[in-house]
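S.K.: My request is simple: use the sequences and hints to build the entire structure.
In our numbering, the protein residues as written are 1 to 315.
Straight-line distance between alpha carbons at most 30 Å, and here's what the computed DSS-like set of lysine-lysine pairs gives: (1) K121 x K46; (2) K109 x K46; (3) K291 x K127; (4) K21 x K87; (5) K273 x K121; (6) K108 x K291; (7) K87 x K173.
Have a look at the derived ranges for each label pair, beta carbon to beta carbon: (8) N8 x T270: 41 to 47 Å; (9) N8 x P122: 26 to 32 Å; (10) N158 x D57: 26 to 32 Å; (11) D52 x T270: 23 to 29 Å; (12) N300 x I31: 45 to 51 Å; (13) N8 x W222: 32 to 38 Å.
Bear in mind the hints are in silico, worked out from the structure with no lab data behind them.
By construction, the Cβ of each residue, glycine as well, lies at the ideal position given by its N, Cα and C atoms.
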Amino acid sequence: MSHSLHVNRSQSHLKWSKAIKPVLTVDSGAIVTFDALEASNGQVTKSTSADDILKFDIDLADPVYGPVFVNGAEPGDALEVEILDLKPADWGWTAVMPNFGLLADEFKKPHIKIWELPADKPYATFKEGIRIPLRPFLGEMGVAPEADGEFSTIPPLNTGGNIDCRHLTVGSKLFLPVKTPGALFSCGDGHGAQGDGEVCGSAIETSMHATLRLTVRKNHDWVASPHYFEAPLAPIPGFEDRGAYAALGINSDLLEATRDALRGVINYLTANKGLTRVEAYMLASVAVDLKLAEVVDMPNFGVAATLPLNIFDDQ
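M.R.: Here it is in structure tokens:
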């Protein structure tokens, strides 16, 4: 049964704008449910092939659902978004798309993986011997920007949007700076799992039924960009910490250091786990965390691409 305060799949938009009329008005503290289609906006199905990816229309991607007007929200406040429950669909997808991703210049051909996301298992299988623990989250959560006009839902903004923060799982709270009366909150872009960085350009993309509590926090002008409280993660049986393998990228250009780190972990996976380069690239997108290891010893930066070893049956 849907919650009485509900935003459905037909109530979507593809731009952030304070001019979009709200589909729902609620009081502070209200619990709202959202049914969000996956990030392709229905372009990817269980039968989608790699060749179909060449027809992908980026202008239709990353729909968000809403907006919701929250009574009492005014500029200078923050909107607290508490993630109460997230239910992904029974399938998802990860794709390499031409001209998109951290190593787009090296991975020019389209590829796609369709995942099964069984409700009775806390993981999805990448291939034999490699399992990814499922920790669902919404990649898109945001409020309307202050400026006039329309803004794409693809790049993140100071008001939120496509922040793709995998730490916003059930029990976490996101704080967004209110820039227009009512905040005008929308969300979407469900993920079953992702590494910090989403390096190939997609996570495990999946439709999502989300239950969120929206609360106005008055006089929070110090929240000038998305802030969040990360809830403790419940352990998943079979995925106890077994350490990690990491590759460091060292470069005077932070972006190139990041790319070097990713190349290093891809090389590890192809040399030691029997994966093709594109398999390693997609696996990195859903499982590898990018971390700033060193930023003060100029002129070089150190970036780590960290691969958890508990995803392998045989580490």
